[in-house]
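2 protein chains.
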Amino acid sequence: MNAKPLGPIPPGFATLDGELAIGGLTASALASGGTPCFAYSRSMIEARMAALRAVMPERISIHYAIKANSFSPILELMSQLCDGLDIASGAELAMALAAGAQAARISFAGPGKTDAELEAAISAGVTLNLESEGEAERALACAERLGARPRLAIRVNPDFDLRGSGMKMGGGARPFGVDAERVPALARRIIAAGCEWRGLHIFAGSQALDAEAVIAAQGATLDLAARLAEEIGAPLPALNLGGGFGIPYFAGDIPLDIGRVGEALAGRCAALPPALAGAELAIELGRYLVGEAGVYLTRIVDRKESRGETFLVTDGGLHHQLAASGNFGTVVRRNYPLAIATRFDAEATEVANVVGCLCTPLDRLAERAALPRAEVGDLVAVFCAGAYGASASPADFLGHGRAREMLV
Amino acid sequence: MNAKPLGPIPPGFATLDGELAIGGLTASALASGGTPCFAYSRSMIEARMAALRAVMPERISIHYAIKANSFSPILELMSQLCDGLDIASGAELAMALAAGAQAARISFAGPGKTDAELEAAISAGVTLNLESEGEAERALACAERLGARPRLAIRVNPDFDLRGSGMKMGGGARPFGVDAERVPALARRIIAAGCEWRGLHIFAGSQALDAEAVIAAQGATLDLAARLAEEIGAPLPALNLGGGFGIPYFAGDIPLDIGRVGEALAGRCAALPPALAGAELAIELGRYLVGEAGVYLTRIVDRKESRGETFLVTDGGLHHQLAASGNFGTVVRRNYPLAIATRFDAEATEVANVVGCLCTPLDRLAERAALPRAEVGDLVAVFCAGAYGASASPADFLGHGRAREMLV
Numbered sequence: 002m003n004a005k006p007l008g009p010i011p012p013g014f015a016t017l018d019g020e021l022a023i024g025g026l027t028a029s030a031l032a033s034g035g036t037p038c039f040a041y042s043r044s045m046i047e048a049r050m051a052a053l054r055a056v057m058p059e060r061i062s063i064h065y066a067i068k069a070n071s072f073s074p075i076l077e078l079m080s081q082l083c084d085g086l087d088i089a090s091g092a093e094l095a096m097a098l099a100a101g102a103q104a105a106r107i108s109f110a111g112p113g114k115t116d117a118e119l120e121a122a123i124s125a126g127v128t129l130n131l132e133s134e135g136e137a138e139r140a141l142a143c144a145e146r147l148g149a150r151p152r153l154a155i156r157v158n159p160d161f162d163l164r165g166s167g168m169k170m171g172g173g174a175r176p177f178g179v180d181a182e183r184v185p186a187l188a189r190r191i192i193a194a195g196c197e198w199r200g201l202h203i204f205a206g207s208q209a210l211d212a213e214a215v216i217a218a219q220g221a222t223l224d225l226a227a228r229l230a231e232e233i234g235a236p237l238p239a240l241n242l243g244g245g246f247g248i249p250y251f252a253g254d255i256p257l258d259i260g261r262v263g264e265a266l267a268g269r270c271a272a273l274p275p276a277l278a279g280a281e282l283a284i285e286l287g288r289y290l291v292g293e294a295g296v297y298l299t300r301i302v303d304r305k306e307s308r309g310e311t312f313l314v315t316d317g318g319l320h321h322q323l324a325a326s327g328n329f330g331t332v333v334r335r336n337y338p339l340a341i342a343t344r345f346d347a348e349a350t351e352v353a354n355v356v357g358c359l360c361t362p363l364d365r366l367a368e369r370a371a372l373p374r375a376e377v378g379d380l381v382a383v384f385c386a387g388a389y390g391a392s393a394s395p396a397d398f399l400g401h402g403r404a405r406e407m408l409v
Numbered sequence: 002m003n004a005k006p007l008g009p010i011p012p013g014f015a016t017l018d019g020e021l022a023i024g025g026l027t028a029s030a031l032a033s034g035g036t037p038c039f040a041y042s043r044s045m046i047e048a049r050m051a052a053l054r055a056v057m058p059e060r061i062s063i064h065y066a067i068k069a070n071s072f073s074p075i076l077e078l079m080s081q082l083c084d085g086l087d088i089a090s091g092a093e094l095a096m097a098l099a100a101g102a103q104a105a106r107i108s109f110a111g112p113g114k115t116d117a118e119l120e121a122a123i124s125a126g127v128t129l130n131l132e133s134e135g136e137a138e139r140a141l142a143c144a145e146r147l148g149a150r151p152r153l154a155i156r157v158n159p160d161f162d163l164r165g166s167g168m169k170m171g172g173g174a175r176p177f178g179v180d181a182e183r184v185p186a187l188a189r190r191i192i193a194a195g196c197e198w199r200g201l202h203i204f205a206g207s208q209a210l211d212a213e214a215v216i217a218a219q220g221a222t223l224d225l226a227a228r229l230a231e232e233i234g235a236p237l238p239a240l241n242l243g244g245g246f247g248i249p250y251f252a253g254d255i256p257l258d259i260g261r262v263g264e265a266l267a268g269r270c271a272a273l274p275p276a277l278a279g280a281e282l283a284i285e286l287g288r289y290l291v292g293e294a295g296v297y298l299t300r301i302v303d304r305k306e307s308r309g310e311t312f313l314v315t316d317g318g319l320h321h322q323l324a325a326s327g328n329f330g331t332v333v334r335r336n337y338p339l340a341i342a343t344r345f346d347a348e349a350t351e352v353a354n355v356v357g358c359l360c361t362p363l364d365r366l367a368e369r370a371a372l373p374r375a376e377v378g379d380l381v382a383v384f385c386a387g388a389y390g391a392s393a394s395p396a397d398f399l400g401h402g403r404a405r406e407m408l409v
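Quick mapping for you: the protein sequence lines, in order, are chains R and B.
For the first sequence, my numbering assigns the number 2 to the initial residue and increments by one for each residue that follows.
For the second sequence, my numbering assigns the number 2 to the initial residue and increments by one for each residue that follows.
Just so you know, not all the hints are guaranteed correct.
Since copy identity is lost for identical chains, a pair holds within one copy or between any two.
[As the list claims (entries may be wrong)] Think about it this way: if two alpha-carbon atoms lie no more than 20 Å apart in a straight line, the pair counts; the simulated SDA-like pairs of lysine to any residue are:
#  : residue 1 : residue 2
1  : K5        : A324
2  : K169      : V332
3  : K169      : D18
4  : K169      : G309
5  : K169      : E348
6  : K169      : R403
7  : K5        : A100
8  : K169      : E368
9  : K169      : E264
10 : K169      : R308
11 : K5        : G173
12 : K169      : P362
13 : K169      : L363
14 : K169      : V333
15 : K5        : P249
16 : K5        : I216
17 : K169      : L98
18 : K169      : S307
19 : K169      : E310
20 : K169      : E306
21 : K169      : R146
22 : K169      : E213
23 : K169      : Q103
24 : K5        : S44
Read the hints as simulated data drawn from the structure, not as lab findings.
Only chain R is shown next, with the shape it has when bound in the complex (with noise of 0.2 Å):
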């Protein structure tokens, strides 16, 4: 049976009683709790906000997407390590606020807000990036009914998009913002109606690993920006560049070069138009800051062979790993980065597949990898799962139930 490759281990998990340690504690202490569960590497996502900062221009601020990962300790964490929360929901203003995150340094995109979330959103007073002039009228009318200055920023639906992104977020027919060509006429309405005005966020993509796309995006961001501020007539209090910054999945998958990025970063930023330079920056990220800090611990339960290939049954899947196994948002189904993490020292010796729980054929884990032989008991580690994994997976199914996750 040929091997088909797993996605690149991200760097910097050690090794420790040939198991796959995190934070100093082996995988089986980590799955000594029970199994499946997610352990999030406080280090690594400290080293990861590290290396950003150091390479970013010193006035761009880092805001954390919440949505990629919102179990409360890491919310607490990138509270503090990032300038700024963005939610895109109500259910994350009250988990972002809970996590002792300001309201001033929290803002909400996302079509479809409804009164009462944007209601709440005024009352706290976070801003709201506005995805239409319907939501802004309904807006207004909340702020008008609670006798508050809403924070408003506009969304803006580019006219281009991030090339090579794994998924468009602008450019073209959206449901996302305000078409590029209408926001002038909106933000004047805004700022005519007294409402606090907090500018632009557009976002052309995500999950992009070529710098030149991100820098090119992140250059048309600025250009477009600098245009609709001079027909507002008004300087740009703040600019939301977006974010699109992606992590290694597959195989042949190159990391993103930040350095490259914020080079060309501070180089706009030291050239920027009148219109933008008293404007705050921000890039927004998610998946870029804790995706690759995770990993998903689960355990073998069955091993079996059937008609000469080998199944390494565990007790997780699909359920916590959707995208893992290939079922969200992927055409073509390639496997993740994943290891035996009990013989995490040992050599590949057999091609296995490795599937979860589920009675369902979608439900695997890795497809004819080459690992080390498990048995049952052995954990795998399925790693880049920091991010939307354990939030976005259908978690219910079969009554399953979340998995146990971690900050260590």
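Chain R is already provided as a structure; the job is to place chain B on it using the hints.
Same frame as chain R, now just chain B:
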């Protein structure tokens, strides 16, 4: 903008005061307790069961696979209407027992059963469909620890699949069941160990709409079961023939002709080989029994235009309707059946995209659908939401949580 076809609305839904009505209640009335919500029609489930009983030979038992929808009022109803409940986890065991199902009418299939799940199942007295020789040994060890006589069946990985099925569960190398050629040895081992021998479970695929394919798979299943029973050297006490009955989701899908399936099965039942003559014969259905009886109702929160396209943004989305969004087990995204529930009798007058409230381009409920013009406050109905909707979607994404469910 050219319209993309919507899937066919299942027959049996009524119009009341111009609105979609379920169980005599309008969509507005159903949604008055809050949106998004799922409404399941008791009478449609009962009618489906009655239609099935009418065409199936009397000696065929009908089991409900609760993974399709485990909402507790549905489980109570199905435990009354069906002859057995099929479960796939320890959590589902607890749900089935709580719904009042007798343990003797419950069977538990699924790879990756943990020791704790095996113990709970053996203690309760439910039938275990063993997925491997390794699981068989663990079950025997559990039974010995408990001092109990386990009820054991073997799930067979057949040497054929269900032609035209949406998901193949058999044929070739599979994580499910024991390869047919190794089943006799394992069955003899179980019988010799003094267990209660409960026969075979042979599941070749799911979501098939072609009666000839289902008939062929059932025929092959009966042939294989008879051959295996001969080789085992004992008559078969029970045979679960699996299911695989599909429902139409997409434009052009033709409903399965269950009359032909029932007729063919009656023919086979009239001439069973001696090894099967005394067997309880069952089919196991999930989606087919409840899928078309459920509707997901979500309210339009925003109506917006972007570069010539109209977007209806709802307060629901893929966190409750992962499959309808095209992100679960499908390669090409096609539209589910969908309607403006509050304008159910109105003609289509525009082409619009219906999207959810999540901040991801994956969150689409309908692409370029021909619909009557809808406004903020109108309700959207997504049909075929009775199976693998609430139970198989990432409800916690963005912190939204589960939708309200009702059996009406």
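Where does the structure disagree with the numbered hints, that is, which hint numbers, in rising order? Numbers 3, 5, 6, 7, 9, 16, 17, 21, 23 and 24, in rising order.
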